[in-house]
Amino acid sequence: MESRTLAAAVMILCSEMGDKTFFIHAVMAMKHSWMAVMCGALSANTLMCVLSASLGSVMSLLQKVYTHYLSVFLLVVFGVMMIGEGFGMEKEGSKGMKIEEIEPKKRSVAKSAFSVLRETFMLTFLGEWGDRSQVTTIAMAADEGAVAVVLGAIIGHALCVCVAVFGGSMVAERVSVRSATLFGGVIFLVFAAANVIMGPDS
Numbered sequence: 001m002e003s004r005t006l007a008a009a010v011m012i013l014c015s016e017m018g019d020k021t022f023f024i025h026a027v028m029a030m031k032h033s034w035m036a037v038m039c040g041a042l043s044a045n046t047l048m049c050v051l052s053a054s055l056g057s058v059m060s061l062l063q064k065v066y067t068h069y070l071s072v073f074l075l076v077v078f079g080v081m082m083i084g085e086g087f088g089m090e091k092e093g094s095k096g097m098k099i100e101e102i103e104p105k106k107r108s109v110a111k112s113a114f115s116v117l118r119e120t121f122m123l124t125f126l127g128e129w130g131d132r133s134q135v136t137t138i139a140m141a142a143d144e145g146a147v148a149v150v151l152g153a154i155i156g157h158a159l160c161v162c163v164a165v166f167g168g169s170m171v172a173e174r175v176s177v178r179s180a181t182l183f184g185g186v187i188f189l190v191f192a193a194a195n196v197i198m199g200p201d202s
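Just so you know, we're using my numbering here: the sequence shown kicks off at 1 and counts up by one.
These aren't lab readings, by the way, just hints derived from the structure by calculation. By construction, the Cβ of each residue, glycine as well, lies at the ideal position given by its N, Cα and C atoms. Please note: incorrect hints may appear among the correct ones.
The following label-pair restraints were derived from C-beta to C-beta distances [said to hold, decoys possible]:
1. Cys14 to Met81: 28 to 34 Å
2. Leu47 to Val10: 41 to 47 Å
3. Glu2 to Ala194: 33 to 39 Å
4. Val186 to Ser3: 30 to 36 Å
5. Val80 to Ser3: 42 to 48 Å
6. Val196 to Glu2: 21 to 27 Å
7. Phe73 to Val147: 34 to 40 Å
8. Ala7 to Leu47: 17 to 23 Å
9. Thr46 to Val10: 26 to 32 Å
Put together the whole structure using the sequences plus the hints.
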């Protein structure tokens, strides 16, 4: 069981580190509570792992094309909202502001923890649906045992999320909230455009 768990964890790390949802988590953590972002990402990934390992036929319930373009829609909506919110803020001082100076302003513009958790969950779940890590999890679970594979996949996702979230949080300590918000909005729109260009089968 240990070898199967390790294999699944390594597989997830190799396929997820630095992918689209990795950067989405980092961007979200730059602006919002890292705890809410982490909970949303981990809950979505855990649900995806359980579905993938226990229901090999679940892929047929939702065609990839629908979840792909729904993910694009959400990226555009959240990206535009973040850019609008960023332009609505006053320009702040230098990028080298201390976290103590930024934190009060962060709290004044931050969404509720539940709203951030829900947004992160939706972006993560739809972004991961039908991608290579989900397909591989289904195949590994069929051949090597669901429990070990689910455990390994969850560990792999958790490590990726931690790196992304804490990396984003550290960057946020050195940039203004306005800059982080505008940057995040642009990144979301770039991912949306890339998804449209590459199509659902990418």
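Results of checking the hints against the structure:
1. Cys14 to Met81: 28 to 34 Å: holds, 33 Å
2. Leu47 to Val10: 41 to 47 Å: At 22 Å between Cβs, range violated.
3. Glu2 to Ala194: 33 to 39 Å: holds, 38 Å
4. Val186 to Ser3: 30 to 36 Å: Since Val186 and Ser3 have Cβ atoms about 43 Å apart, the given range 30 to 36 Å is violated.
5. Val80 to Ser3: 42 to 48 Å: holds, 46 Å
6. Val196 to Glu2: 21 to 27 Å: violated, 42 Å
7. Phe73 to Val147: 34 to 40 Å: holds, 35 Å
8. Ala7 to Leu47: 17 to 23 Å: holds, 21 Å
9. Thr46 to Val10: 26 to 32 Å: This hint is violated: roughly 18 Å between Cβ atoms.
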